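Chemist: When you get a sec, could you build the whole thing from the sequences and use the hints?
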Amino acid sequence: MTAGILSFLSSFGSHLPFARKTFARGVHPASNKSTAGTPLRRMPFAPRMILPLAQHIGKPAVPTILVGQEVVRGQLIARADGFLSVPLHAPVDGVVEAIELMPSARGPWTESIVIRTYEASTQEVRWGEPRDMAALTPAEIIQAIQDTGMVGLGGAAFPSHAKLTVPKGRTIHTLVVNGCECEPYLTCDHRIMVERTDDLIQGIRYAMRAVGAEKAVIGVEDNKPDAVAAIRARLPADGSITVEAVETKYPQGAEKMLIKSALGLEVPAGGLPSEVGVVVNNVGTLALLGRLLPSGQGLTERVVTVTGPGISRPGDYWVPIGTPMRHVLEWAGAEDVTEREIILGGPMMGQAIASLDVPVTKGVSGILVFDRRDIETESARKTYACIKCGECVQACPMGLNPSMLGLLAASSEYDRMGSGYHLGDCFECGCCTYVCPSNIPLVQQFRAAKGVLRDRAEAVKSKLELHESGERFDFGHKEGEGRKPGGSRHPINPPPSAKP
Amino acid sequence: MTGKSRRIELRAAPHVKRGVNVETIMLHVVLALLPIAGFSVIQYGLSALALIMATTVSCLLSERLFSRLSGQGNTLADWSATITGLLLALTLPPSFPLWMAAVAGFAAIALGKVLFGGLGYNVFNPALVGRAFVQAAFPVAITTWAPAFFPGRFTGFIPTTFTMPLMTPPGLAEWLHQHVVDGFTGATPLARWKFENHVASAGDLLSGVATASAGETSALLILACGLYLAARKFMDWRIPVAVIGSAALVALAFHLVDPGRYPAPVFVLLSGGLMLGAVFMATDMATSPVTATGVWIYGAVIGVVTVMIRYFGGLTEGVMYAILIGNALVPLIDQYTQPRVFGARGRKA
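Residue numbers (our numbering), protein chains in the order written: chain S, -1 to 498; chain Z, 4 to 352.
Hints in this document: simulated from the structure, not taken from any laboratory. This structure is a prediction, so every number in the text was calculated from the model and none was measured. Worth double-checking, as some hints may not be accurate.
[To be verified] Quick list of in silico lysine-lysine cross-link-like pairs, DSS-like style, CA-CA up to 30 Å:
| id | chain 1 | residue 1 | chain 2 | residue 2 |
| --- | --- | --- | --- | --- |
| 1 | Z | 197 | S | 380 |
| 2 | S | 213 | S | 19 |
| 3 | Z | 236 | S | 19 |
| 4 | S | 31 | Z | 197 |
| 5 | S | 380 | Z | 20 |
| 6 | S | 380 | S | 31 |
| 7 | Z | 20 | S | 31 |
| 8 | S | 19 | Z | 20 |
[Claimed, not checked] Quick look at which bits of chain S chain Z covers, simulated, 3 or more residues with Cβ under 8 Å:
| id | segment |
| --- | --- |
| 9 | 379 to 391 |
| 10 | 397 to 403 |
The beta-carbon is built from N, C-alpha and C at its ideal position, and this holds for glycine as well.
Modeler: Written out as structure tokens, the structure reads:
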């Protein structure tokens, strides 16, 4: 009730002194963050590790080892291929069993390095030279970040060094640190803020130097007062880093929303945060950078929230990159995975996987297991025609009109969606589908429509002839048909701008 | 993988839903209408009950017929036809013959809803389409009124209720003479104001003793039910606020200019179907705009047009046509009130 009153008051905007820091619209899904109070734990090595070469946005890494070669934990096993690419490091001591096509979250066949773990493999990382961070120039810090293989751990998996590279002609005044973790169920960032506060502050200092920012603001949703308190206790005395409690609301952790909430700045439509002098980074990413950069080590593990109704030992685990899902789920107590839905990431933007052989990659922030009951509840929902209730319009954080976009999608008017109704500004947060009482798969249709527009643009670019009659794209979800599993064509990973 | 057949669900995000479905919303509207329908039975007895049942059953049967013909499956479960039936009954005189009520229900569903493609595609509020149809078809029956709280209302029916189908209802004069205290004029407060310049007191209007269709005599009850819907977020509170507010403002302006000719705003708000229309009919989701700005404009248009029809039109009551006009403007309003895109260039937030 209190939350309702507060959100009602905050709907008057930031003109009122008592209004919480926030953005307009958005939704309030049940948080289900039952693992928020459980300390971080380690997960043992799986007997076999699978490391896709493309775990990040950009060009896949290039293997630097051979099949049959022994590797030690932390060793470089694949190098970055160009600027928009990151290297890979061995998560275990072991031997390279194969470099072959393996299932991954991106699809059934992804080129991957397979390592058989030595039983005696230890947690110790024996690779990497400690370096004097104080002596590095911004450019050298960027290079050092790329060498760690770091990507945005919030889920976007966009190479961190590329994100921290300031475009020519722009200056950055503020580093916004994203500790919102607005996705339900996920608590990995929360635990890191509480338990790895010093690493986080250290990482923030490095990133500030890399981008030349004078200030840093850590935005944390106000449902995590312990994280706010822990950070506040460790803030440097010079006042360059501050922490800001922002309203608990989805998608508070989306870059543009958080910048609006924390700084009151609005990133221009279609633009990057650097246009308003801001760079955003996730707390998990910066906390790991704070630890890895001085030691010269690479990214070999990350914190993953393993939870959901189908998990008996939920919690936040340090999981070595490359650990197969089967191993994670067995360890966390998901006995039987028949008739389950397994989601990588949060429930609002996460991706369902089809195989338990899919490994944990750098961008996996959570593994959620829903059981049969939840699936049946969802499948029982009937799809109606749009009743124009306007709920989606009042939910869309980008100020779009999902109702209209949905009607246009239903009649395949993709071009009008893009030109007249700003489809390109949709970052697929899913608020519209979440609220829709008619259960129309709105955001799913928008992903498909974007895919069609992208394909068309590429086709035009390569001067291919489009045969209007021959080119009919399967839409996956048709009205009144209910949901078809796996029917929509959508990018596996959300675009870099979207990491709630 | 093992040889055992495993089923892992694959769906596209989001994987959770708010859990409010169309039928949830509609069911709550039905629940919110029940107290008002109940009050009308207290006022008018068995005839009102029969009328409510006639319109509702007629709407449900029509809906079932058309959904079967169009192969849409059973659409009764979404409760929208029930709402149409209840609303329709509340806009009709309690003495309205049942066969005409059945015609009204059929017209509401057939012309107001199915013709456009069913729930969500309809342009006009179905109940009002049904009401408009019978207003044109049966002009006498729809202006024949029985007094509220007449004695014997729980033991017998108003004679017109059971008029044979396709027959003209009998006159009520004799029955009224037997049952009713002297002084009953058979005119609604709005008609009495229009033709006799008699302004009913707010107390009469609020207590339900005024002569009118059931939905026109329980302003406080309607407001209470509307507050429930608004609090549960099953209704956009802006619409009734805009309708009632704009009607009050316009009425106030007229009243200040010529208090002798134009009544105080409180009469305008409490008389006629303004409350029922503002709370339950203008708020129909399918026939109202989707954006907040659009909704304010839409509500204001309805409020202003209602007062204009009452003051300058030939009819005593204007809410029905005002809402239908508002409905017709919705596509236009929607087109010009698109939300502002986050970070839109050229304009500051």
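Chemist: Each hint should be assessed against the structure and marked as holding or not.
Modeler: Verification of the hints:
Restraint check: the Cα-Cα separation between residue 197 of chain Z and residue 380 of chain S comes to about 49 Å, which exceeds 30 Å; the hinted pair is violated. About 18 Å separates the Cα atoms of residue 213 of chain S and residue 19 of chain S, which keeps this hinted pair within 30 Å; it holds. For the suggested pair residue 236 of chain Z and residue 19 of chain S, the alpha carbons sit about 24 Å apart, so the restraint of at most 30 Å is met. With a CA separation close to 63 Å, the supplied pair residue 31 of chain S and residue 197 of chain Z exceeds the 30 Å bound.
Restraint check for residue 380 of chain S and residue 20 of chain Z: the C-alpha separation of about 13 Å stays at or below 30 Å, so the hint holds. Straight-line distance between C-alpha atoms of residue 380 of chain S and residue 31 of chain S comes to about 28 Å, which keeps the hinted pair within the 30 Å bound. The hinted pair formed by residue 20 of chain Z and residue 31 of chain S meets the criterion: a straight-line CA distance of about 17 Å does not exceed 30 Å. This hinted pair checks out: residue 19 of chain S and residue 20 of chain Z have alpha carbons roughly 25 Å apart, not beyond 30 Å.
For a cut-off of 8 Å, the count of residues in the segment 379 to 391 of chain S with a CB near a CB of chain Z stands at 10, and the three-residue condition holds. With 5 residues having a beta carbon nearer than 8 Å to a beta carbon of chain Z, the segment 397 to 403 of chain S meets the requirement of three or more and the stated coverage holds.
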